[in-house]
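Visitor: When we follow this note's numbering, the leftmost residue of the sequence shown carries the number 1, and every step to the right adds one.
Hints are supplied without guarantee of correctness; some may be wrong.
[Said to hold, decoys possible] Beta-carbon label-pair distances, calculated as ranges: (1) A275 with T131: 42 to 52 Å; (2) N291 with F497: 54 to 64 Å; (3) R318 with D344: 38 to 48 Å; (4) S463 with S509: 36 to 46 Å; (5) S606 with G426: 52 to 62 Å; (6) Q278 with D68: 36 to 46 Å; (7) T922 with G554: 32 to 42 Å; (8) G873 with M727: 22 to 32 Å; (9) D58 with S509: 44 to 54 Å; (10) E417 with S542: 27 to 37 Å.
Rather than coming from a laboratory, the hints here were simulated on the basis of the structure. Even glycine gets a Cβ: it sits at the ideal position worked out from N, Cα and C.
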Amino acid sequence: MKAIRTNSVLSFLIFYSASLSAAQTAPFQPDVVGDYNWYGCKTEATGVRALKLFEYADDTMTLESCRDFCDSRGTIFFGTEYGRECFCGNKFEAGSVDAPDSDCSMLCAGNQSNFCGNGNRLSVYIKDGATPDAGPSASTSSSGAPPVPTAPFQPDVVGDYNWYGCKTEATGARALKLFEYADDTMTLESCRDFCDSRGTTFFGTEYGRECFCGNKFEEGSVDAPDSDCSMLCAGNRRNFCGNGNRLSVYIKDGANPPDQTSSSTTSSGPKPTGAFPQGWTDQGCWQDGPNGRIMPTYQAPDNPNLTQESCAQLCFDRGYKISGTEYYRQCFCGNDIRNGGTRDPDESKCTTPCDGNREQMCGGAGYLKIFSDGPPKTFAPPAPQVGGLNGTWTYQGCFEDNINMKRTLPWALYFPETNSAEVCLGRCAAFGYPVAGMEYGEECYCGDPVDVSEAGATKRPESECNIVCSGNASAICGGGSRLTLYHWTGETPLYLFDYPQGNNAGEYSNLVGGVVTPLMTMQSITGKVTFLEKFGTGRDNSTGAYELDLSQVGNFNAAWREMHVKTDIFCAAGVILPDKGGRQLTVGGWSGDSTYGVRLYWPDGSPGRPSVNDWEEDNARLRLQQGRWYPSAMVMTNGSILVIGGEIGANDRPVPTLEILPPTGTKPLYMEWLERTDPNNLYPFVCVLPGGGIFVQYWNEARILDEVTFATIKTLPNAPGSVTDNMAGRTYPLEGTAVLLPQHAPYSEPLGVLICGGATPGGAALDNCVTTQPDAPNAKWTLERMPSKRVLTCMSPLPDGTYLILNGAKQGVAGFGLADFPNYNAVLYDPAKPVHQRMSVMANTTVARLYHSEAITLLDGRVLVTGSDPQDGKHPQEIRVEVFTPPYLLRGGARPSFTIQDRDWAYGDTASFQLGAAPAGTVRVSLLGGVSSTHGNSMGARTLFPAFTCQGTSCTVTAPPSAYIAPPGWYQMFVLVNGVPAVGTYVRIGGDPAKLGNWPQGFKLPGI
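Take the sequences, apply the hints, and build the full model.
Guide: Spelled out as structure tokens, the structure:
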């Protein structure tokens, strides 16, 4: 574990980086950012953004970039939310209230040293010296100083014009049609000046950037609620300039509107110059509205020399495929027609001459003359998508979000330009979530039905979901704190969990009082269990190593034997060697000489008979070529030991190499991929493949290495991790766990790999497992939901071919104090069941098993559960020793027995064994590779079901055919009758081809 990771209540959110050093601190909320000071953590408002003047989102968000954005727009406040969102304003909207500072705990996407709000929480800063104004309009001070800016408002007076009201457009014409212009710097004052200079009674602003002048309103223009005019002026975001089909109208002081429409005069303009872009043709006259602009993407400034050709060329030059001219001098560009725009068969609707060529028609009042490169793509008026979902999702309605400042659905994604039902629902389904919702046009949320019910979210009127999807102009994607909600209703459920009861759920129980907090456990071939701890964890007189005699658990003093190690095995790797003594090997460690450590223990004694041997180590005579911290180790097909990866130690740089024991005289081999993916590749998962080669999974990547040259011969697709983060990983420190799925004689199916749990770099624990078959021609990953989130995961293969998933936390990453919310529940994974239906929710423990916890399967069929060293000031350093008893030992079935004399098998040989009684049911034989458990890595784990025959009580088992099916080593052999395993025994398969029994000189050697 990295020493720097300590002492922060929220430090589980640290993004673990190779650049960490002992001088660095945990993430924090600075008191000052430029000339803005910390104001506090605030909630969002009710149905609207708390700070609503300006906003943007960016995956490189920092407090400084948000400050610069808001400061350039003159706002008092800036606030960051959800790690990547920035909001600016001068006051807080109704419903926004103070929240505890600790609520703002999500790391900034672009600076993992600072906090940028959280879900429904803003980290807010206020301009130095500024005082927020709670009123709805601007105020003046007695000192004559400029007023403090406030929220956007509609002034009662603009020069010598007075507020008249919010009006709709007319029917088939502009409401105010004498003069007009558009400008991206539009203000109420500039529109007033434009119309006043032309002597009109009224001026009106529309769509934030359009100005219209007139002396009366054309037919069909009616009053609208003032609140409808709510679009900010393009050139002054503190005022409103109408909206779509809405004008903010002012009347000349003292004037009365005349009864008649004024007229305008026209004069012949210049003839057109230039031509249409190649391939652009006339698409006819299209009605603009009434559901909003049909080409809202871009409107050019009004052009008194506009022609059809010049508009088309302008749009082409800006990368658009469609141009539309309207009302003499307006030019619109886009790539599609939106809001249900349709071509009118009556071309006479486009009858306003182009200002630049009076012989051409540039649309009309409310009509566009459109040219495009091919027929334009059209979108219907936006509505929730209910079709085109292949019958797998059903629209549920518009639902509440952010009730009591909590998200209805927990997993949030952002698709600023591509959000749609297909995109959002597809992403949720791919990660097993049967509820999906879209919000604010670009936001996507995933979850489960229980999330909706627990949040208390209720259905709201459809009108409250009114924001168009960023990736589908015809569809609605929620609203302000409103979700366009869908449920999975496909024929096949995304997941089905089983919830067995009573004995069928298994049972946790205390086994024996402990003496040490181990970080590595192994059951030796004698049946005893070795416990290894890091220096400084246990009591002052701890020796760092102990052995437990399981036959003596009723006698504490006889159960435990003190052993000794010379160097710190903190974060070492371990394997059980294939030599005839079944020696245990650990390599690597924490710092200095311990990182080079090579330690050996030759188990002796037997149940009830004390052992004598101890750990041996001679760092001067035998050491790794490179010091390693967090390496992995594996027995190869030739019996040699592969040691792979790690770091130099103590938060230092990576060791991106692999080396072989016993040493071959070859220097460690450099692996680019180990250096590139450090530090998220530590304790990589590694195994021998039946098809030849070595499989390695690290972070979210995987590859197959040639077993001779170690060159990459196949790169697999990246493994999926989190629905919200493609960079989620499975290996330390984003710690999940891996095992190999069962291999059945005649071993013709590709080997499967199962990896469960893990985390995102930001500390969000994963709630899924992934499987793949690396040898398959087109290997891909299959993702399956787990019943709960889990990081610091352990997994134990069981004799019946199932797997027990246990231990860990529901949030955080590996390291001291970096994870919280223990996962007390065990889960049983049964690969014999259909995919997505393999998980059963089993019994709970009461003991938190966090960082440095272990789980190994014992010869009696139970799972030994140990360790937990979080050092978080909250959970204890755990010395209690538990066992999990699987259901097969609790259902009352008779337990079989067997004896075997030949415990040393050559590949393909047969060995005889005797059953204790004639079997009254189905018989199976299984072989489980001897395991060293540490940091979620079960080194050596492998499950095989070999061929066998029985005549009465006499049986013969056939050994696996090659080292590619079963690498040389010791395996736990079990015989099962009706699913109940007999007490197992260790057998050796494949001998000792590397002659490890004669290595190393100067140590006790079992021979070959």
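Visitor: If a hint holds in the structure, say so; if it doesn't, say that too.
Guide: The hints, checked one at a time:
1. For the pair A275 and T131, the supplied restraint of 42 to 52 Å is violated, since their beta-carbon distance comes to about 59 Å.
2. A hinted range of 54 to 64 Å is violated for the C-beta pair N291 and F497, which are about 45 Å apart.
3. For the pair R318 and D344, the supplied restraint of 38 to 48 Å is violated, since their beta-carbon distance comes to about 26 Å.
4. At roughly 58 Å, the beta-carbon separation of S463 and S509 lies outside the given 36 to 46 Å, and the hint is violated.
5. Taking the beta carbon of each, S606 and G426 are about 58 Å apart, inside 52 to 62 Å as hinted.
6. Q278 and D68 have their C-beta atoms about 43 Å apart, which keeps the hinted 36 to 46 Å range intact.
7. The hint said 32 to 42 Å for the Cβ distance between T922 and G554, and at roughly 34 Å that hint holds.
8. Separated by about 30 Å at the C-beta atoms, G873 and M727 satisfy the suggested range of 22 to 32 Å.
9. Between D58 and S509 the C-beta distance comes to about 52 Å, which sits within the given range of 44 to 54 Å.
10. Against the hinted window of 27 to 37 Å, the Cβ-Cβ separation of E417 and S542 comes to about 58 Å, which falls outside the hint.
Hint compliance for this structure: hints 1, 2, 3, 4, 10 are not met, and every other hint is.
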